[in-house]
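Residue numbers (UniProt numbering), protein chains in the order written: chain A, 1 to 358; chain B, 1 to 358; chain C, 1 to 358; chain D, 1 to 358.
Hints may be right or wrong, so weigh each one.
Identical copies go unnamed one by one, so any copy, or any two together, can satisfy a pair.
Below, in silico cross-link-like pairs of lysine to aspartate or glutamate (EDC-like), each with a Cα-Cα straight-line distance of 20 angstroms or less [said to hold, decoys possible]:
| id | residue 1 | residue 2 |
| --- | --- | --- |
| 1 | Lys52 | Glu123 |
| 2 | Lys52 | Asp19 |
| 3 | Lys59 | Asp19 |
| 4 | Lys59 | Glu18 |
| 5 | Lys59 | Asp34 |
| 6 | Lys313 | Asp56 |
| 7 | Lys59 | Glu121 |
| 8 | Lys59 | Glu12 |
| 9 | Lys52 | Glu18 |
| 10 | Lys313 | Asp33 |
| 11 | Lys59 | Asp9 |
| 12 | Lys59 | Asp5 |
| 13 | Lys52 | Glu180 |
| 14 | Lys59 | Asp157 |
| 15 | Lys59 | Glu213 |
| 16 | Lys59 | Glu123 |
| 17 | Lys313 | Asp9 |
In case anyone wonders, no lab produced these hints; they're calculated from the structure.
Since this is a predicted model, take the numbers as computed values, not measurements.
Protein chains: 4
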Amino acid sequence: MKQMDGTADTPELARLYEDFAAISTSPLWTQRDDLMPMAPSPRAVPYVWRWKQLFDIAKRSGALVPVGRGGERRAIGLANPGLPGTAYATPTLWCAIQYLGRHETAPEHRHAQNAFRFVIEGEGVWTVVNGDPVAMRRGDLLLTPGWHFHGHHNDTDQPMAWIDGLDVPLSHYTDVGFFEFGSERVTDEASPSVSRNERLWAHPGLRPLSELEARTSSPLMAYRWEHTDRALTEQLALEDEGQPATVEQGHAAIRYVNPTTGGDVMPTLRAEFHRLRPGASTPPRHEVGSSVWQVFEGAGIVTLGGEEHSLEKGDLFVVPSWTSWSLAAESQLDLFRFNDGPVIDALGFARSYVPGRD
Amino acid sequence: MKQMDGTADTPELARLYEDFAAISTSPLWTQRDDLMPMAPSPRAVPYVWRWKQLFDIAKRSGALVPVGRGGERRAIGLANPGLPGTAYATPTLWCAIQYLGRHETAPEHRHAQNAFRFVIEGEGVWTVVNGDPVAMRRGDLLLTPGWHFHGHHNDTDQPMAWIDGLDVPLSHYTDVGFFEFGSERVTDEASPSVSRNERLWAHPGLRPLSELEARTSSPLMAYRWEHTDRALTEQLALEDEGQPATVEQGHAAIRYVNPTTGGDVMPTLRAEFHRLRPGASTPPRHEVGSSVWQVFEGAGIVTLGGEEHSLEKGDLFVVPSWTSWSLAAESQLDLFRFNDGPVIDALGFARSYVPGRD
Amino acid sequence: MKQMDGTADTPELARLYEDFAAISTSPLWTQRDDLMPMAPSPRAVPYVWRWKQLFDIAKRSGALVPVGRGGERRAIGLANPGLPGTAYATPTLWCAIQYLGRHETAPEHRHAQNAFRFVIEGEGVWTVVNGDPVAMRRGDLLLTPGWHFHGHHNDTDQPMAWIDGLDVPLSHYTDVGFFEFGSERVTDEASPSVSRNERLWAHPGLRPLSELEARTSSPLMAYRWEHTDRALTEQLALEDEGQPATVEQGHAAIRYVNPTTGGDVMPTLRAEFHRLRPGASTPPRHEVGSSVWQVFEGAGIVTLGGEEHSLEKGDLFVVPSWTSWSLAAESQLDLFRFNDGPVIDALGFARSYVPGRD
Amino acid sequence: MKQMDGTADTPELARLYEDFAAISTSPLWTQRDDLMPMAPSPRAVPYVWRWKQLFDIAKRSGALVPVGRGGERRAIGLANPGLPGTAYATPTLWCAIQYLGRHETAPEHRHAQNAFRFVIEGEGVWTVVNGDPVAMRRGDLLLTPGWHFHGHHNDTDQPMAWIDGLDVPLSHYTDVGFFEFGSERVTDEASPSVSRNERLWAHPGLRPLSELEARTSSPLMAYRWEHTDRALTEQLALEDEGQPATVEQGHAAIRYVNPTTGGDVMPTLRAEFHRLRPGASTPPRHEVGSSVWQVFEGAGIVTLGGEEHSLEKGDLFVVPSWTSWSLAAESQLDLFRFNDGPVIDALGFARSYVPGRD
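Working from the sequences, and respecting the hints, build out all of it.
Here it is as structure tokens:
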């Protein structure tokens, strides 16, 4: 009798395999090792995108493709070469550069998918979230959680570009998305330097007594660079004083959190900011789940699955699941990171490994 | 200037679209409505598999394909016609009929993926979970949560078949799987009628004082038919007495739960059992997330996305996300159901809709 | 200048201490070591009450004092000698023997305070909880969580006695109680052997699909002796087979839990049942929080704060906070225990200590 | 036969009541209505303490009573006139004015009890918490959660006074306290304007990646006035703009929270700050649980159980459980409040009532 390899070397076996297909079935035994590998074996590949190229093509798109209803956003997605035919950075994460010309508006809409913006340079655009205009400036993280109406408008004579992060690949794969069009223009064209949600929520350790319920997503829509920078600066200063504060020697990092729970900002997306001192490096690390990183400032080297890539300001790279990654900083190296950590944690699949540690 | 439709009707535009691809990027605006539909628009289709066909082909496989190391299991997966090239019932769920001949053994292994068995008929196989032999009998739900070693051995002169449910499509898509081979034979060939985990945990409202920690997955590996049947019988009797107990008139149902939390049995899979009185029916219902159902006993009609299908004992059907479903019972209709509800809930995407109710 | 001992040896000091009182203040320094001892230093004392005496006086009360509106219950509280002027077993726990004569009824009422009954002997009384009659039989734990209407009626020609446990001392101290009178007679005089809540909830690992919300208190009002006894019997059998199951050698135990959470049955009261093999003993153990125990069956010795007390069926004893306790079984020794564990845990004060272990 | 009133009008009854006492028991029926009132009926009374009197007597104590080991703190507790023989503000809350002379030190110790300081005026003292010096300044809330070593030292030529809040009455009543002496002097005499814990934690919406575990108590030891004031100012400004932000018209309020959970700062104590516009008032409100309030700035009227009391800067008042309270502001009225809310919530006893609302 034949081994479990799916090879149909007898007429009966051949007929069996044909009949599997005829009744919409498929044997496990011929595909078990592909479907259930010894360790994660992602199709997505480690990859680096250069900011200069992204910014240049975004600018060209700005000249050629108008923003408008239907397409909705002038956003250009990072398309992982290991996932051909998609515009996915990883199986769970979407990442795009979005570009808005002088005085342009991206119309309002809402969707079940969670989204954020991170600003690598420039300012002058306001994201209006459920009617609350939120200024976008270099170093800021801006949230638009699921089913919040949002649009963007550029209040200046200068174009602006930033990155968008979404859970679109996962939500598309799992068939959970809803979408609704909103106003053609943003519903509030004011351009305050501080949004209303910040005025309510951006006070450390304080919450409004009128808002005591836990929220699935953060009610704070803007995480400002001044706070992030100060937190990282203090961690390194504390390290200098011999106090515990950093993740590992020379490596400061914060996680952006939902102030109503202390947990991740949105149920599908985790966001962090990392800073390495000049000369610092991190050990190779394997983690379940995939990440996208962007260099905010500085220069260094990322090693992805054993291969080194130089990094400059604005460069983006993806780390597929269980692919080892390590960073080495030439100058001070500041990086923004987002990943699918809340998904991996909620589903009980979290695991990490640093060779040489147990 | 051109609309956001991706048509490249000028040389500059044509070159822009070529350059997107050249640097591994892809515009959102040409695919936004596919990626982010107004409501879930699954590729998976509603589909019914007939138990007689499945059982027949499983039996033929039993004669032609040995169980053994590598293939691991004689399991034949339901392959959704809307997901060609896969053996997936839905994008998140795997469902297979597994067949074990007289005195055969499926070797031990463990994997990060969560799994269960549900038994539609027969008995005589023991699933050995981390060394604890668990009898499999008609109507029982048997768990093998992630990273628990498990094998199956048939202690009788009769073959046995049952269904397996796993989160393989989701775990494969998200690249979270690990796998490890165990013993060639099961590590304990005893055939007790009650497993050790049941002796510790299957006491209503009681838990061992030596086990007070919450567990990600249920520590109870067997949910016996006698309990399920009694719970449903009581719900209908209570309904007859005018007491609240059923989901809706004539429709009793239980959810299998983790006794350490009261929540789902495993972090990626929800399991339920439903019973409709003869003549009872349910209204059309849309739900985010996908389900697989199996008729345990009785006959009736399922309406999937507006199309009626007759149901008999053992028949399986899938309900893709947001596809409306309703049931009508001719005789008393007993059905087992599993779905990706814990995933949908944890990620904040749950939504349901019954036309006519708000 | 005077030390911080509160002694007023100068006229100025004497005047100061007088003036403290005059403006309703009091210095900390003269009472700090009483208020904040090095370890818990309870006023409540370890104490043993004899079932024979309790039962005898309850019977005499039955002859002399009618049950009725106002007094509400013929319940005789264990009055800790260390807490004179109260009827408290410990600062947080009330425990009483309640006695109901043939065909008597204790009228319905409800209160914020949580309560339960545990039955040491007899049967024939039904506790009606929110209109659902719950039979009381030897070995059963019956709940009446806060703000549930409840009354008791004796459906037989025999009197019946049992113990009541409540959080009255704590709720009285913290001023949280509400009370409301209900029906003079129980609202349902039926005498079913199984209550409706059991028919809905007493199925291991199953919950009604119509009841998916977590509940503060258990929806299951009766924990039957047959289940408790079987769980303990199995733990000892598993221990005999070399399997982990018991708390420590020869000491089986279960905690009664809320099936919607896996946690304690009520937010202020924890309930457990312990079984020691003949000859088994437990090491001296200190625990924050106070407990009441009742011997259900068997004979043995309890050592409380170093002093030995013999135990027989029905005897009750209290263990004040941090008082060391240990048990030694002559015959098989079955004990029911309740304590304020959920309070201690929720407030972050849990600590325990077994000399010789660390 | 006699009614359940406990009157012993026959020899048999008299003997019964004697025998209850003889075997350390006590009938419920004679005391049921006291123990289980229709609504909370606290012994603690509403009361107002005048800051001028407290400060004056604290100053006199400073001259006459040295701070030192044993007494530990020059703290003068508010002694509720309804709780004679204690120094308790309410059955659960301790509140004291603490006074530290020029260059004095209150030695280090730790205890299971949770504590905080709130500063009504002055500065120049550092509280050293587990070796981390925390500056104390007007308007700041400073935490010393259970089992954290802490001492205070005055680094200036001026005395300083503030209020201490602790859970001493509750922890004493429930016998949960442990105490340990530490250094005679504070372990770090530095006087930084910002403490290390603030440098790690006081960044809105950010947490150190090295500290991802949830904590029972807040890791942030200082909540600075500048943040509190800004949060309240913004709430009132948002109200002026027609946006939801305040608790009710003219009444802004924040709760101090644990940034790792979004919940209360410590498991037994809740802290809030309230601001009323000039002329604003609140409706009479009944709440389960007791509170202590201090006027931080401004003047107004508090009505406690129907009786009006004028309020000035620094005045303290207690609201026993279920006693109605309302505030009316003459000038802008700023108040600090703490209470036993986390206890009441955890034990399931929360309830509130505003007559005229339902």
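Status of the hints after comparison with the structure:
1. When the C-alpha separation of Lys52 and Glu123 is checked against a cutoff of 20 angstroms, the pair qualifies only within one copy, where the shortest distance is 18 angstroms, while the shortest distance between copies is 53 angstroms.
2. Proximity of Lys52 and Asp19 under a CA criterion of 20 angstroms is satisfied inter-copy only: 14 angstroms between copies versus 54 angstroms inside one chain copy.
3. Taking CA atoms no more than 20 angstroms apart as the test, Lys59 paired with Asp19 passes between copies only; the shortest distance there is 13 angstroms, against 55 angstroms inside one copy.
4. In this assembly of identical chains, the alpha carbons of Lys59 and Glu18 lie at most 20 angstroms apart only when taken from different copies (15 angstroms versus 53 angstroms within one copy).
5. Neither within a single protomer nor between protomers do Lys59 and Asp34 lie at most 20 angstroms apart by alpha-carbon distance, with minima of 42 angstroms and 25 angstroms respectively.
6. In this homomeric assembly, Lys313 and Asp56 come within 20 angstroms of each other (Cα to Cα) only inside a single copy, at 14 angstroms, whereas the closest approach across copies is 62 angstroms.
7. Taking the shortest alpha-carbon separations for Lys59 and Glu121, only the intra-copy value of 14 angstroms comes in at or below 20 angstroms, while the best inter-copy value is 57 angstroms.
8. Within a single copy, Lys59 and Glu12 get their C-alpha atoms only as close as 62 angstroms, which misses the 20 angstroms cut-off; across copies the closest is 13 angstroms, which meets it.
9. Proximity of Lys52 and Glu18 under a CA criterion of 20 angstroms is satisfied inter-copy only: 17 angstroms between copies versus 52 angstroms inside one chain copy.
10. Proximity of Lys313 to Asp33 under the C-alpha cut-off of 20 angstroms is found in neither arrangement, the shortest distances being 40 angstroms within a copy and 32 angstroms between copies.
11. Proximity of Lys59 and Asp9 under a CA criterion of 20 angstroms is satisfied inter-copy only: 19 angstroms between copies versus 58 angstroms inside one chain copy.
12. In the homo-oligomer, the alpha carbons of Lys59 and Asp5 lie at most 20 angstroms apart only across protomers (18 angstroms), although the nearest pairing inside one protomer, at 53 angstroms, exceeds that limit.
13. Taking identical chains as interchangeable, the C-alpha atoms of Lys52 and Glu180 are never at most 20 angstroms apart, the minima being 34 angstroms within one chain and 44 angstroms between chains.
14. When the C-alpha separation of Lys59 and Asp157 is checked against a cutoff of 20 angstroms, the pair qualifies only within one copy, where the shortest distance is 14 angstroms, while the shortest distance between copies is 64 angstroms.
15. Within a single copy, Lys59 and Glu213 get their C-alpha atoms no closer than 43 angstroms, and across copies no closer than 43 angstroms, so neither meets the 20 angstroms cut-off.
16. In the homo-oligomer, the alpha carbons of Lys59 and Glu123 lie at most 20 angstroms apart inside one protomer (16 angstroms), although the nearest pairing across protomers, at 56 angstroms, exceeds that limit.
17. For the homomeric pair Lys313 and Asp9, neither the shortest alpha-carbon distance inside one copy (58 angstroms) nor that between copies (35 angstroms) is at most 20 angstroms.
Of the numbered hints listed earlier, those contradicted by the structure are 5, 10, 13, 15, 17.
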